[in-house]
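Undergrad: Sequence:
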Amino acid sequence: DIVIQRKEGIISSNKDVTIIDNENQTLFELSKFSYSFQEEILKGEDFFINTKYNQPFSDKYFFKTAIFDLKNQSYIAQDIDINLKKDIFGNKNNDPRFKGVASSSKNGITKIEKGIFTSCKKNDSCPPWSIKAKKIKHDKNKKQLIYDSAFLQLYDKPVAYFPKFFHPD
1 DIVIQRKEGI ISSNKDVTII DNENQTLFEL SKFSYSFQEE ILKGEDFFIN TKYNQPFSDK
61 YFFKTAIFDL KNQSYIAQDI DINLKKDIFG NKNNDPRFKG VASSSKNGIT KIEKGIFTSC
121 KKNDSCPPWS IKAKKIKHDK NKKQLIYDSA FLQLYDKPVA YFPKFFHPD
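Start counting the sequence shown at 1; every next residue gets the next number (my numbering).
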């Protein structure tokens, strides 16, 4: 059931909900959510977000729990899995993706705690390479991925340590 609390300007639900934002071409699927109209804050569980959902290549976000500030276009989330659009590096056969314990995003900068990144094509075995780091920062303004305390892994085996490392996105 969806419960509307008119006095407080809040809408909430314990059921799965799909929201389509046609203006920003974004699809939201979530459960157990609440939305404050006054503050423009969306809180929920089991988020799936598909940006540019009606186009062939889009970013897909999976969050166990998250709080979105829609006014400021920012969020904080836990247990994250982010799949970037396949052609972001100029090769539509790539599967660039992040996984992490927590994430936040504001002003075009996404931060991932205890994260891992790879662009290898998905398959049943582990990716041939990945970068695992204490902190990963994706700066969309500078178009860079920046790592703190990073290990380059080949087939899940650490082969090189970088206290600081970055590369273009």
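The hints are simulated quantities; they were obtained by calculation from the structure and are not laboratory data.
Be aware that a few hints might be false.
Subject to a maximum C-alpha distance of 20 Å in a straight line, what follows is the list of computed SDA-like cross-link-like pairs (lysine to any residue) [claimed, not checked]:
no. : residue 1 : residue 2
1   : K137      : N93
2   : K71       : S105
3   : K111      : T51
4   : K71       : N50
Undergrad: Take the hints in turn and mark each one as holding or not.
TA: Quick rundown of the hints versus the structure:
1. K137 with N93: 24 Å, violated
2. K71 with S105: Holds, at roughly 13 Å.
3. K111 with T51: 18 Å, holds
4. K71 with N50: Answer holds: K71 to N50 is near 19 Å, not above 20 Å.
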